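Starting from the known structure of chain A, fit chain B onto it as the hints suggest.
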Amino acid sequence: MMLKILYFAGLREAIGSGAENIDLPATVNTAAALRDYLARLDEQHGVLLTTRNLRIAINQKMLGMDAAIADGDEIAFFPPVTGG
Amino acid sequence: MTISVQQADFDPGAEIAALTADDPMAGAVASFVGLVRADKLAEQKVGPGETAQLAAVRAMTLEHYPGMTEQALADIVTTARQRWQLCAVRVIHRVGRLLPGERIVFVGVASAHRGDAFAACEFIMDYLKTQAPFWKKEETAAGTRWVDARETDDHAVKRWLD
Chain A
2 MMLKILYFAG LREAIGSGAE NIDLPATVNT AAALRDYLAR LDEQHGVLLT TRNLRIAINQ
62 KMLGMDAAIA DGDEIAFFPP VTGG
Chain B
201 MTISVQQADF DPGAEIAALT ADDPMAGAVA SFVGLVRADK LAEQKVGPGE TAQLAAVRAM
261 TLEHYPGMTE QALADIVTTA RQRWQLCAVR VIHRVGRLLP GERIVFVGVA SAHRGDAFAA
321 CEFIMDYLKT QAPFWKKEET AAGTRWVDAR ETDDHAVKRW LD
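Residue numbers (this note's numbering), protein chains in the order written: chain A, 2 to 85; chain B, 201 to 362.
It should be emphasised that the hints constitute simulated quantities derived from the structure, not laboratory data.
Any given hint could be a false lead.
Stated by the list, open to error - Which stretches of chain A does chain B cover? Using the computed rule of at least three CB atoms under 8 Å from a CB of chain B, they are: (1) 4 to 12; (2) 38 to 48; (3) 77 to 83.
Claimed, not checked - Partial pick of chain B residues on the chain A-facing surface, computed with a CB cut under 10 Å: (4) ASP326; (5) LYS337; (6) THR340; (7) ALA349.
As the structure is a computational prediction, the values presented were derived from the model and not from experiment.
C-beta: ideal position from N, C-alpha, C; glycine also.
Chain A on its own, in the form it takes in the complex:
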C-alpha cells in the first residue's frame, strides 16, 4: 500500500523532510498504526511518539488516531495548529 506522508512545523524539522512516499504492509491500516510504524523507521521519526497532542489529517481532513487509512491516501502529521 503506497501512501504520501507529509510533516509540518516542528515535525518537519525533526524528521528532516516535509514529504515522503512510503510502501506500507497491509496490516498497517489505521492512523495510530501508521504513526507507530513510522516512529520505528529511525531515530528522527521517533518525534511522532513524543509530540504532545499530535494531529493527523487524512486527505486534508483532521481525524482521530482511530481513523482508517487506505492505498493512495495523503496523510499529514503535525502539532496542534497556532494560526490566527
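What follows is chain B alone, placed relative to chain A:
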C-alpha cells in the same frame, strides 16, 4: 472570493467596504484584524503557576498546509453560514515572515443585523485558531521556537458546541 491565503498585506478598510458594496440588505458589518504582537518579553508557562521570561519576538514565520488550509477555512465559513443569516464573509490569512505590528489575519462578516455579524465573526476566528493548519515560528535573539497551542483556544471553541 471569500477566502485568501497569501503572503501580501491587505487593506482592512477596502475589505470592509467590499463586503457590502453590492448588497443593500446588509445592515451590519463586524470585522477582526489580528496582528503580530509588538516587540516585548514573552512569557512561557514552565510549570503549575510558573512562567519564565523568554527573549523578545523579533519576527514570526507562518507555515501552512497548502490545499487543506483553504478547505478548512471554507468549511468553517460554510458552518457559520448554516448557523447565522449572513450576507457576505471574507477571510484573509497571511503566510511567510512577518514583523511585529504587521497584520496576520482578517475576518469580516456582513449581515442584516449586528447580532449575527458579531457572533459569526467570533465563531470563525475561534475555529480558525484550532482547525486551520497554520503554525507560527517566532524569531528571538536567543534563536527560533515554534509557538505552543493554547488551551484557552480549545475552550473558546467548546462554547459554540451547545
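Task: chain B over the stretch 38 to 48 of chain A, status - at least 3 residues with CB closer than 8 Å - done: Three-residue rule not met by the stretch 38 to 48 of chain A, so violated; n is 0.
Task: Outcome, coverage of the stretch 77 to 83 of chain A by chain B - at least 3 residues whose beta-carbon is closer than 8 Å to one in that chain - done: holds (count 6)
Task: Hint validity - THR340 of chain B Cβ closer than 10 Å to any chain A Cβ - done: violated (16 Å)
- [ ] Against chain A, run the beta carbon of ASP326 of chain B and see if the smallest gap drops under 10 Å.
- [x] ASP326 of chain B check passes; min Cβ-Cβ to chain A is 9 Å, inside 10 Å.
Open item on the list: Just to make sure I understand the rule, a stretch counts as covered if three or more of its residues have a C-beta closer than 8 Å to a C-beta of the chain. Does the stretch 4 to 12 of chain A meet that for chain B?
Closed with: That given contact holds, which follows from 4 residues of the stretch 4 to 12 of chain A lying within Cβ reach (below 8 Å) of chain B.
Open item on the list: A closest beta-carbon separation below 10 Å is what the hint needs, so does ALA349 of chain B meet it against chain A?
Closed with: The hint holds - ALA349 of chain B has a Cβ within 10 Å of chain A, the shortest such distance being about 3 Å.
Task: Residue hint LYS337 of chain B, partner chain A, criterion CB-CB below 10 Å - done: Holds. Min distance 7 Å.
Of the numbered hints stated above, those contradicted by the structure are hints 2 and 6, listed in ascending order.
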